[in-house]
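Chemist: Each chain, written out:
There are 2 protein chains.
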Amino acid sequence: MNNYRLTIAYDGSRYSGWQRQGNTENTVQGRIETALTEIFGHKIEINGSGRTDAGTHALAQTASFRADTEMPTEKLMDEVNRLLPGDIAVTAFDPAPERFHARLSVTGKTYAYRLWTAVYPNVFERKFVYHLGKPLNIAEMKRSAALLCREADFIGYSSLKKSKKSTVRTVRSIEVLELGPEVRLVFNGDGFLYNMVRIMAGTLVEVGLGKRSAESVAVPFETLDRADAGETLPAHGLTLVNVEY
Amino acid sequence: MNNYRLTIAYDGSRYSGWQRQGNTENTVQGRIETALTEIFGHKIEINGSGRTDAGTHALAQTASFRADTEMPTEKLMDEVNRLLPGDIAVTAFDPAPERFHARLSVTGKTYAYRLWTAVYPNVFERKFVYHLGKPLNIAEMKRSAALLCREADFIGYSSLKKSKKSTVRTVRSIEVLELGPEVRLVFNGDGFLYNMVRIMAGTLVEVGLGKRSAESVAVPFETLDRADAGETLPAHGLTLVNVEY
Numbered sequence: 001m002n003n004y005r006l007t008i009a010y011d012g013s014r015y016s017g018w019q020r021q022g023n024t025e026n027t028v029q030g031r032i033e034t035a036l037t038e039i040f041g042h043k044i045e046i047n048g049s050g051r052t053d054a055g056t057h058a059l060a061q062t063a064s065f066r067a068d069t070e071m072p073t074e075k076l077m078d079e080v081n082r083l084l085p086g087d088i089a090v091t092a093f094d095p096a097p098e099r100f101h102a103r104l105s106v107t108g109k110t111y112a113y114r115l116w117t118a119v120y121p122n123v124f125e126r127k128f129v130y131h132l133g134k135p136l137n138i139a140e141m142k143r144s145a146a147l148l149c150r151e152a153d154f155i156g157y158s159s160l161k162k163s164k165k166s167t168v169r170t171v172r173s174i175e176v177l178e179l180g181p182e183v184r185l186v187f188n189g190d191g192f193l194y195n196m197v198r199i200m201a202g203t204l205v206e207v208g209l210g211k212r213s214a215e216s217v218a219v220p221f222e223t224l225d226r227a228d229a230g231e232t233l234p235a236h237g238l239t240l241v242n243v244e245y
Numbered sequence: 001m002n003n004y005r006l007t008i009a010y011d012g013s014r015y016s017g018w019q020r021q022g023n024t025e026n027t028v029q030g031r032i033e034t035a036l037t038e039i040f041g042h043k044i045e046i047n048g049s050g051r052t053d054a055g056t057h058a059l060a061q062t063a064s065f066r067a068d069t070e071m072p073t074e075k076l077m078d079e080v081n082r083l084l085p086g087d088i089a090v091t092a093f094d095p096a097p098e099r100f101h102a103r104l105s106v107t108g109k110t111y112a113y114r115l116w117t118a119v120y121p122n123v124f125e126r127k128f129v130y131h132l133g134k135p136l137n138i139a140e141m142k143r144s145a146a147l148l149c150r151e152a153d154f155i156g157y158s159s160l161k162k163s164k165k166s167t168v169r170t171v172r173s174i175e176v177l178e179l180g181p182e183v184r185l186v187f188n189g190d191g192f193l194y195n196m197v198r199i200m201a202g203t204l205v206e207v208g209l210g211k212r213s214a215e216s217v218a219v220p221f222e223t224l225d226r227a228d229a230g231e232t233l234p235a236h237g238l239t240l241v242n243v244e245y
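Protein chains in written order, with the working numbering: chain A, 1 to 245; chain B, 1 to 245.
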């Protein structure tokens, strides 16, 4: 059996997230599996690097699967893109080492949360940015962002109720980029809990709007209480940018 | 009467172009006039810098109109954006000098034609780029582009059958930019004839694909024959980037 690694871009607007759910076809994973199943002539199941929420996008999600074929990967990539809808694209279709697994082999991920601060909307990227419509105090947000970069129990920055597994994660860096009227928050870490990026982004926005102090973002690490973090921002502002192996 | 200048961004995908046509509401001009008419309480007609084709976009189209009101322009801008659909935005609403007219005062325009050369589609910007799916010879395209920069009769690079008005235009610059898998052609000139940018872009693409020589792009200036230029590329790859005054 050959092992394959897919790199996948998607506009998540009309999907119920990455992960296949029973028989519903309205997931990115489901659409890709349907296309691959048609190409290979038997059922193909793929392993993604992790879930993305309904409405969230990906510039480079990854997935792996095993299959036998003589077809070269260039041909496989053309075929799968021919079968996929216009809002999902396989941007790389590569042979992978035998032991590669898109979820189990992950060493890090990068997400971007995109905020649009102008009063007028961004007509071209309105599906990919959250229209805040207000200016942000970038200096204060950068101070806060530095306080979020740590190895810690991030359960207070998650929508998880309880977890049997460890909720300790390492956030390595958070960039606060000013790109014209867009403020882009770029999060890199070894992994992120459910809703963790959207809650960190919401908390940083509250700092940027002067609704809370820069220092207050450290409180959830002490209390482990979701109520001490900021609001969960909408899914459509979030993009999975990269997965590291 | 106050004179106003609007700067307007639009995703032209679902419109029949800029220019209002009779009673149809499916134009960008029509949508903006409807919103302004509601704000001012009487019929408002605006003058755009020029038409854009059905399906073509604008980053900064301009328009002017006269009206009387005590309302400050910040408030007017908020109101008009509240009334406009999400794919049209007024990005600046400014008082203009008495003699300013968005069409008659134009001194230059910049258009971008965006080509996507990767075999896979651009899922995020698929409405704004033309998916060519093939590599282009950029050096040859740059040689050709330089030959198109001139003051000349551009009737051969237009879909106009005949014209009573002058069809002499000056193309000042054409940049050929490589932005990852995107090749962006940026045209600046004193004005452009009907379909002129889309035909120049189509001709440059034929050069980039090796279908014609770089030198051949000068032929339509001699023959004034549309048949000697390349094909008209689709409207959705074209964006009006800027209007100069």
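Be a bit skeptical, because a hint or two may be false.
Identical chains share a label here; the pair holds if one copy fits it or two copies do between them.
Calculated lysine to any residue pairs in the SDA-like style (CA-CA distance at most 20 angstroms, straight line) [unchecked claim]:
| no. | residue 1 | residue 2 |
| --- | --- | --- |
| 1 | Lys127 | Ser13 |
| 2 | Lys127 | Pro85 |
| 3 | Lys164 | Tyr245 |
| 4 | Lys127 | Arg14 |
| 5 | Lys127 | Gly86 |
| 6 | Lys162 | Asp94 |
| 7 | Lys164 | Ile138 |
| 8 | Lys164 | Val219 |
| 9 | Lys164 | Glu151 |
| 10 | Lys134 | Pro234 |
| 11 | Lys134 | Arg184 |
| 12 | Lys127 | Asn81 |
| 13 | Lys127 | Ala146 |
| 14 | Lys127 | Asp87 |
| 15 | Lys161 | Ala146 |
| 16 | Lys75 | Arg150 |
| 17 | Lys134 | Arg82 |
| 18 | Lys127 | Gly55 |
| 19 | Lys134 | Ser105 |
To be clear, the hints were calculated from the coordinates, so they are not data collected in a lab.
Chemist: Determine for every hint whether it applies to the structure shown.
Modeler: Going through the hints against the structure:
For the identical chains of this complex, Lys127 and Ser13 are neighbours both inside a copy (7 angstroms) and across copies (14 angstroms), given an alpha-carbon limit of 20 angstroms. Taking CA atoms no more than 20 angstroms apart as the test, Lys127 paired with Pro85 passes in both settings, with 17 angstroms inside one copy and 14 angstroms between copies. Taking identical chains as interchangeable, the C-alpha atoms of Lys164 and Tyr245 are never at most 20 angstroms apart, the minima being 25 angstroms within one chain and 65 angstroms between chains. With identical chains, the CA atoms of Lys127 and Arg14 are at most 20 angstroms apart both within one copy (10 angstroms) and between copies (16 angstroms).
Both within a single protomer and between protomers do Lys127 and Gly86 lie at most 20 angstroms apart by alpha-carbon distance, with minima of 15 angstroms and 10 angstroms respectively. In this assembly of identical chains, Lys162 and Asp94 lie within 20 angstroms of each other by CA distance neither inside one copy nor across copies; the values are 38 angstroms within and 54 angstroms between. For the identical chains of this complex, Lys164 and Ile138 are neighbours neither inside a copy (37 angstroms) nor across copies (56 angstroms), given an alpha-carbon limit of 20 angstroms. For a Cα distance limit of 20 angstroms, the shortest separation of Lys164 from Val219 qualifies neither inside one copy, at 23 angstroms, nor across copies, at 73 angstroms.
In this assembly of identical chains, the alpha carbons of Lys164 and Glu151 lie at most 20 angstroms apart only when taken from the same copy (19 angstroms versus 73 angstroms across copies). Proximity of Lys134 to Pro234 under the C-alpha cut-off of 20 angstroms is restricted to the intra-copy arrangement: shortest distance 16 angstroms within a copy versus 36 angstroms between copies. Proximity of Lys134 and Arg184 under a CA criterion of 20 angstroms is satisfied intra-copy only: 14 angstroms inside one chain copy versus 31 angstroms between copies. In this homomeric assembly, Lys127 and Asn81 come within 20 angstroms of each other (Cα to Cα) only across copies, at 17 angstroms, whereas the closest approach inside a single copy is 22 angstroms.
Neither within a single protomer nor between protomers do Lys127 and Ala146 lie at most 20 angstroms apart by alpha-carbon distance, with minima of 29 angstroms and 37 angstroms respectively. Within a single copy, Lys127 and Asp87 get their C-alpha atoms as close as 12 angstroms, and across copies as close as 11 angstroms, so both meet the 20 angstroms cut-off. Taking the shortest alpha-carbon separations for Lys161 and Ala146, neither the intra-copy value of 26 angstroms nor the inter-copy value of 63 angstroms comes in at or below 20 angstroms. Taking identical chains as interchangeable, the C-alpha atoms of Lys75 and Arg150 are never at most 20 angstroms apart, the minima being 44 angstroms within one chain and 44 angstroms between chains.
In this assembly of identical chains, the alpha carbons of Lys134 and Arg82 lie at most 20 angstroms apart only when taken from different copies (15 angstroms versus 41 angstroms within one copy). Proximity of Lys127 to Gly55 under the C-alpha cut-off of 20 angstroms is found in both arrangements, the shortest distances being 9 angstroms within a copy and 18 angstroms between copies. For a Cα distance limit of 20 angstroms, the shortest separation of Lys134 from Ser105 qualifies neither inside one copy, at 40 angstroms, nor across copies, at 33 angstroms.
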